[in-house]
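Visitor: Sequence:
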Amino acid sequence: MRRAYADDDYFEGGKSGYSDTSYAMQERALRATFKRLMCNLQMRNLTGGALLEVGCGYGYLLEEAKEFFSFRVGTEFSNQGVQLASARADKVYEGGVEQLPADLTFDCVIATHVIEHIYEPLEFLKRLARHTNPRGKVVLAAPDMGGYLRKLMRHRWPSFKIPEHVLYFDATTLSALMRHGGLIDVQLLPYPHAFPLALIASKMRLQLPAALGGVNIWVPATTVALYGTVPHE
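The C-terminal position of the sequence shown is numbered 643 in the numbering used here, with every residue numbered one higher than the one before it.
Hints should not be assumed to be uniformly reliable.
To be verified - Below are the SDA-like pairs computed for lysine to any residue, each with C-alpha atoms no more than 20 angstroms apart in a straight line:
1) Lys-445 to Leu-598
2) Lys-476 to Gly-459
3) Lys-476 to Arg-454
Just so you know, the hints here were simulated from the structure itself, not pulled from any lab data. Note that the structure is predicted; figures quoted are calculated from it, not measured.
Let's have the full structure, built from the sequences with the hints guiding it.
Guide: In structure tokens, the structure reads:
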């Protein structure tokens with residue numbers, strides 16, 4: 411799957427990834443989502459210092475984080491994503507966490523909608539922890555298997571994306587994973603998500619007037635997010 415993630419088509423309506431609409435077409439909704447996330451982090455005194463985003467896409471989150479963190483770094487498999495995100499961050503590395511310099515550490519590490527793609531999640535968490543300062547925070551977000559949308563849509567739930575999504579989480583299972591990965595003080599983090607109305611209509615197989623397609627609406631309980639603390643060695 412890494413080859414698919416590195417393909418420029420992944421973000422632009424290819425067979426994998428954002429097949430219903432391009433990542434760029436969701437920019438306004440994604441930026442609103444990420445700005446809300448930053449505000450929720452700030453309310454919990456989790457901002458400031460150095461930030462790493464794993465799987466940063468086009469860099470929308472990293473740019474929205476500019477007023478919340480003094481140093482912003484990302485990783486991304488897509489070369490096109492790296493080029494676009496590099497203009498929105500202090501540094502972006504092409505590839506995964508393993509491409510980071512061994513001595514580069516952060517106060518906060520964020521991976522939104524990444525963990526469900528990971529075949530070895532405990533090893534992934536250990537790698538994140540190695541790049542997190544003691545008492546630093548790791549934030550994970552994933553499609554909410556326990557949310558009302560999954561229960562409502564059942565087998566048509568959009569996050570049933572095989573072979574991309576190999577793991578599924580609700581608050582209980584994601585919390586357990588983070589604790590087993592060595593994090594402490596694991597807590598829920600609100601993660602409201604905005605979506606273009608056109609995308610929602612497509613997922614629900616509904617017809618929508620073109621004039622309404624660009625309207626963004628907030629959909630609760632689509633994403634489960636938690637943060638945990640890296641303990642002192």
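Visitor: Each hint should be assessed against the structure and marked as holding or not.
Guide: Evaluation of the provided hints:
{"no.": "1", "hint": "Lys-445 to Leu-598", "result": "holds (18 angstroms)"}
{"no.": "2", "hint": "Lys-476 to Gly-459", "result": "holds (11 angstroms)"}
{"no.": "3", "hint": "Lys-476 to Arg-454", "result": "holds (17 angstroms)"}
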